[in-house]
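Going down the list, the sequences are from chains L and B. Mapping to numbering that gives the first Met the number 0: the first sequence position 84 is 83, numbers consecutive. Mapping to numbering that gives the first Met the number 0: the second sequence position 304 is 303, numbers consecutive.
A portion of the hints provided could be inaccurate.
Simulated pairs of lysine to any residue, SDA-like, Cα-Cα distance not exceeding 20 Å [as the list claims (entries may be wrong)]:
{"no.": "1", "chain 1": "B", "residue 1": "Lys-288", "chain 2": "B", "residue 2": "Pro-129"}
{"no.": "2", "chain 1": "B", "residue 1": "Lys-288", "chain 2": "L", "residue 2": "Pro-135"}
{"no.": "3", "chain 1": "L", "residue 1": "Lys-288", "chain 2": "B", "residue 2": "Thr-134"}
{"no.": "4", "chain 1": "L", "residue 1": "Lys-288", "chain 2": "L", "residue 2": "Glu-84"}
Simulated from the structure, these hints should not be mistaken for laboratory data.
Number of protein chains: 2
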Amino acid sequence: MKVLVTGAAGFIGRHLVELLRLRGRVGTQAVQALAVADQHLGDLPAGAVGLPGDLGSRPVRESVVGFAPDLVFHLAAVPGGAAEEDYALGRRVNLDATLALFECLARRERPPVVVYASSIAVYASGERGPITPLTPLRPPLTYGAHKLACEVLLADFSRRGLLDGRSLRLPGIVARPRAHSGLASAFMSELLHALANGERCRCPVSAQATAWWMSAWCCADNLLRGAALAVSGDDGARAWPLPVLRLSIAQVVDALAQRYGQDRQALVEYAPQPALEAVFGRYPVLDDKASRALGLSDDGSPQALIANALTRTAPRGFVPQVSLLI
Amino acid sequence: MKVLVTGAAGFIGRHLVELLRLRGRVGTQAVQALAVADQHLGDLPAGAVGLPGDLGSRPVRESVVGFAPDLVFHLAAVPGGAAEEDYALGRRVNLDATLALFECLARRERPPVVVYASSIAVYASGERGPITPLTPLRPPLTYGAHKLACEVLLADFSRRGLLDGRSLRLPGIVARPRAHSGLASAFMSELLHALANGERCRCPVSAQATAWWMSAWCCADNLLRGAALAVSGDDGARAWPLPVLRLSIAQVVDALAQRYGQDRQALVEYAPQPALEAVFGRYPVLDDKASRALGLSDDGSPQALIANALTRTAPRGFVPQVSLLI
Chain L
0 MKVLVTGAAG FIGRHLVELL RLRGRVGTQA VQALAVADQH LGDLPAGAVG LPGDLGSRPV
60 RESVVGFAPD LVFHLAAVPG GAAEEDYALG RRVNLDATLA LFECLARRER PPVVVYASSI
120 AVYASGERGP ITPLTPLRPP LTYGAHKLAC EVLLADFSRR GLLDGRSLRL PGIVARPRAH
180 SGLASAFMSE LLHALANGER CRCPVSAQAT AWWMSAWCCA DNLLRGAALA VSGDDGARAW
240 PLPVLRLSIA QVVDALAQRY GQDRQALVEY APQPALEAVF GRYPVLDDKA SRALGLSDDG
300 SPQALIANAL TRTAPRGFVP QVSLLI
Chain B
0 MKVLVTGAAG FIGRHLVELL RLRGRVGTQA VQALAVADQH LGDLPAGAVG LPGDLGSRPV
60 RESVVGFAPD LVFHLAAVPG GAAEEDYALG RRVNLDATLA LFECLARRER PPVVVYASSI
120 AVYASGERGP ITPLTPLRPP LTYGAHKLAC EVLLADFSRR GLLDGRSLRL PGIVARPRAH
180 SGLASAFMSE LLHALANGER CRCPVSAQAT AWWMSAWCCA DNLLRGAALA VSGDDGARAW
240 PLPVLRLSIA QVVDALAQRY GQDRQALVEY APQPALEAVF GRYPVLDDKA SRALGLSDDG
300 SPQALIANAL TRTAPRGFVP QVSLLI
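Full structure from sequences and hints, please.
Here's what the structure looks like:
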């Protein structure tokens, strides 16, 4: 069983590689955590191999074909804000390179399992909800449009029997590093870091703003579960939203204050920006029954979300818990 | 007002160019009906200009940019059967060239109206129906997957204010020329030609098989109406199925016998092929209320379908009827 992780040096990729390492799967011949990037790769997680370039380039694709993975986690992407600003970059990475990866993987004799990190950005913003499997998909950003197009293409490769694809729609994942990430949702992570550190925080949405939350460890665990999904194919579904905790900013602040002290409450200054509030402050109820039935899950509680989001070492619950394909 | 038609030499393109000509719009400086094709273009409809190559090539794209159309009908495509057999060809024409066209059109100051010929192939086959705007889209062929991906991309260009896109999902259009078309649904047209000519016909689906029907004149008329749609944008919808006549083969044969003589009934030999019956014999009810409310329409009756499908000159009703953008 050979495993390939694209975007292994990214925020979610690092957590995924670490879970693979803890399960004794990285650093061996069998697992290659591939950090594909055009730019500086930074420090790589233990066991990951850096591969400069992008998946649209022939040498990189040849490396992928040569490695011949049985299981692929495709995480490499340009985030939403950056892709909206630079259409050409977003197209090249989020659409072209993803399709190029699918095509070069589709040449294997036994179709590899492909877990594709899609996004809740495929849903229209401003839906009053609940969002169900029947909700029409109307991405409000080019990022989401490209993610949706790739979901459709991956489902088609799966129908043809060339890949065994599973698209998982990731919500906003916390707590990202505080450096500029190109994500419009960066304030969600910033809130956690600031209050944990006892710093003041200017929140660009209101206390009542509701969003969908998940920690990076929980997300990585779900990606691994995604690899082991028993996809029936009966209804042709190949894409699911990850189950989420739907929490208001006030609920998240309460959980932070519970953990770090009630003085944290006073550190938040609300300065709602209408544009951000419209996109990130009105998340409706998500009907995630189908995803939960498949074994995917959220962090469990606001308290667990905070604990999972702010620890650098994998929480015990995520290490040996799940029986996986790998 | 400058109008561009891609695929102008194709079956639907010819009917569209003829309707434009009858309305006094083709052959002038203002309208360019562009027949883009890699291969032999054949005889072009009056007023159409042949442009060898495909939209993925720079000289063709430069011609498009140079012409600077205000209204574009994008019909050029590789049909479903052929695209399923030759993935690379389908990808190049139905996905890459379409996106390249959108991108080069998106550079204009005033966003051009783009009427995109999508397909009912975006719907899963085997839906028990009714198919509504909430039905999940699960294309059963790569052709439909690429059409759906392009619908998503066109909606995104529209959201960005770079194009004013309208995707119309075309049903099987009759009566195509009897030459091999690469379409799995070719038998629908063959049935009409054979019975009109008093020839025997071997039908690969049962008499009870129900499909969605539309004549090429009606389709071309709908494309022109599509250009004039008042898209509210309120719900973000940018794609609609054309309204259809849902008829069994027996109903179509009855209408043919009514027009050409009851002896036609005996000319049909039914030899259902399970694979074809599954895809083309079980079309469910289509909830096309939203499309009809926008002014799109079907042929009116089985009798009108047959009359419209088998005439080479535009039926009177389609000529001056609609007040159009152009």
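How the hints compare with the structure:
1. Lys-288/B with Pro-129/B: It holds: about 12 Å lies between the C-alpha atoms, which stays within 20 Å.
2. Lys-288/B with Pro-135/L: With a Cα-Cα distance of about 17 Å, the restraint between Lys-288/B and Pro-135/L holds, given a limit of 20 Å.
3. Lys-288/L with Thr-134/B: Roughly 18 Å separates the two Cα atoms, so the pair holds.
4. Lys-288/L with Glu-84/L: violated (35 Å)
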